[in-house]
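Engineer: Residue numbers (the numbering used here), protein chains in the order written: chain A, 1 to 460; chain B, 1 to 172.
No false leads were mixed into what you were given.
Reference excerpt, derived from the structure (chain B facing chain A, CB under 7 Å, subset only):
#1 Val36
#2 Ser39
#3 Met107
#4 Gly121
#5 Asn126
#6 Trp137
Hints were generated in silico from the structure; no laboratory data involved.
Ideal Cβ placement from N, Cα and C applies to all residues, glycine included.
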Amino acid sequence: MQKTAEQIEHDLLRPLFHSSGKYWVAVALATSLLLAGVAAFGYQLYSGIGVWGINSPVFWAFDITNFVFWIGISHAGTLISAILRLTNATWRRPVTRCAEAITVFSVLIGAIIPLCHIGRPWLAFWMIPYPNQRHIWPNFRSPLAWDFFAISTYLTGSTTFLYLPTIPDFAAVRDASTGLRKKIYRVLALGWQGTQRQWQRLEIAMHIMAIVIIPVAVSVHTIVSWDFAMTPVPMWHSSIFGPYFVAGAIFSGIAALILAMALLRKLLHLEEYLEPIHFENLGKLLLTMSLLWFYFTFAERLTAWYGNSPPEMAVFWESIRKQFAPLFWIMVFCNFIIPVPILAIKRLRTITGTAIASCTVVVGMWLERFLIVVPSLEHKFLPYSWGTYRPTWVEDTLMASSFGFMLLLYLLFSKFVPMISIWELKVGLQPHFRVRTAPKAESKHHGLAMPGPLPTDVAE
Amino acid sequence: MKALYALYAEPEAAQRALDALRAASPELKLDPKQIVVISGEPHEGFEFTDEHHTGTPYRWAVLGAVVGGTSGLLLTTLSQKSYPIPTGGMSLTPAWTNGIIVYELIMLGAILTTLIVLLVGAGLPNFKGVITDPEVWAGKILVGVVDAPENSISEVEKRLLQAGASQVKQSM
Chain A
1 MQKTAEQIEH
11 DLLRPLFHSS
21 GKYWVAVALA
31 TSLLLAGVAA
41 FGYQLYSGIG
51 VWGINSPVFW
61 AFDITNFVFW
71 IGISHAGTLI
81 SAILRLTNAT
91 WRRPVTRCAE
101 AITVFSVLIG
111 AIIPLCHIGR
121 PWLAFWMIPY
131 PNQRHIWPNF
141 RSPLAWDFFA
151 ISTYLTGSTT
161 FLYLPTIPDF
171 AAVRDASTGL
181 RKKIYRVLAL
191 GWQGTQRQWQ
201 RLEIAMHIMA
211 IVIIPVAVSV
221 HTIVSWDFAM
231 TPVPMWHSSI
241 FGPYFVAGAI
251 FSGIAALILA
261 MALLRKLLHL
271 EEYLEPIHFE
281 NLGKLLLTMS
291 LLWFYFTFAE
301 RLTAWYGNSP
311 PEMAVFWESI
321 RKQFAPLFWI
331 MVFCNFIIPV
341 PILAIKRLRT
351 ITGTAIASCT
361 VVVGMWLERF
371 LIVVPSLEHK
381 FLPYSWGTYR
391 PTWVEDTLMA
401 SSFGFMLLLY
411 LLFSKFVPMI
421 SIWELKVGLQ
431 PHFRVRTAPK
441 AESKHHGLAM
451 PGPLPTDVAE
Chain B
1 MKALYALYAE
11 PEAAQRALDA
21 LRAASPELKL
31 DPKQIVVISG
41 EPHEGFEFTD
51 EHHTGTPYRW
61 AVLGAVVGGT
71 SGLLLTTLSQ
81 KSYPIPTGGM
91 SLTPAWTNGI
101 IVYELIMLGA
111 ILTTLIVLLV
121 GAGLPNFKGV
131 ITDPEVWAGK
141 ILVGVVDAPE
151 NSISEVEKRL
161 LQAGASQVKQ
171 SM
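From just these sequences and the hints, can you work out the full model?
Structural biologist: Put into structure tokens, the structure is as follows:
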């Protein structure tokens, strides 16, 4: 049965007022992981960066892996959402906000990681490239300076892209609330009324944002790839890195989006809104990206192998046959061999199937980032400088806590903001099948009467 | 701000009410800006607004991009000339790398301008005199008149009811 506007309003505001036990268990788990990370970081601050496993020549390891991984995950949201908006894909409506929220939080986490790596985060402002009196030149030739501009722009753009379409939904929450909650949402809604002028301006602004944010998203991960590609290190100094990183970012981003949607569907009881068709469509995108990822990986490795340059071949064999071979082949299994059959066979492309495939892709893409960074740094051009790297418990904990932090931010966000854009969903119902005069009926969900105003306890 | 309004379940009825109010506005001494249409979602295919200046925000975004790009160009070139790094004979202000900064600031300029233009154009933030009704979020369309002259209230009510509203409400 098609939903009425009233039912949509009721169902999507409900998670803001009531949460299940499972939701709080997930929050507790995420908080525990975050606290473990905070403790590990405190230990690192007290003891110094030496508690990490990084050394000469492996100055970058887990931290840069996590940085690239989280910036990659951020491509789920804004890029996918913008493309779907511009192509007017109608199935996007329940998906976009889930995706856009992933972007904002993962960019935020990605941006925090360099602060941990510098060892003395209170001097982080030294990284900001502006003319100063400290003889720290703003070196615009450095890819790290490009990172600063790209990530700042992307974070600003993604936050704006997330916030703008949320304003009308904040107004809906404002009008359904009382007391302190009403006051908070009154500020967040900025006094939104829903006049036709406001709707017109919002739609134009979203269109402009969608146009602008796509090249920004592409540039961000290209620039992240140039952190490596601009360096004369074996297997890094490659022109393929830009598109390879962008493809990998979209790949991991879609996987993260599917996982987030599957989680929200269960925790917030959004089964009637996040339907199998959404997972199937995203599954097809994931399949395409898996094939593209394999193509890029093959092209990159083939070129290195055919060139047969000794420094590159040292890294090549380290990852394929020697020390890193288990990780490499797990990566291939996770990114290609497991997900492709699951996603290619329609019968397996279910919610569970796509979630399993996405899980493996997230693991595989983290390993891919690790395998780009560490084997090359361990085996630079001059064999006398070769070294080894083993992560310590501090790095392991910080990595795990970044996942916990992401989960926590996402869960808390879902408690304050409708995770599916209410007004966009209503627009989707307009032309064909909107039911305006549905008979009142007892809801089968959550035991609440629908349609009708929110119950008193809910409204409060 | 006092508003007299009615709620309509169908956009067609809201359009009828709006057309009736617009047609009667000279007679009722109403400024067209006093007539408001509020809904929980945008409605395509209806003339709920007289404004068709849809190109303006795009032009502002382009202007913002130009300002952003110029700022990027000035930041890089002026910094590099003020604090010259030994470059071994290479360009002090390399176009390739400076171009990346300029590109990002072009985009940032467009983003920030779009945000500002939206807020200004949509009259946000506006915490005073917000007209709202919970039924709007349940799919109804609110059509009304803000600060209607005392002597035309009954005529406004009549036109709102004629368009199909079951009752006329008043907000303070």
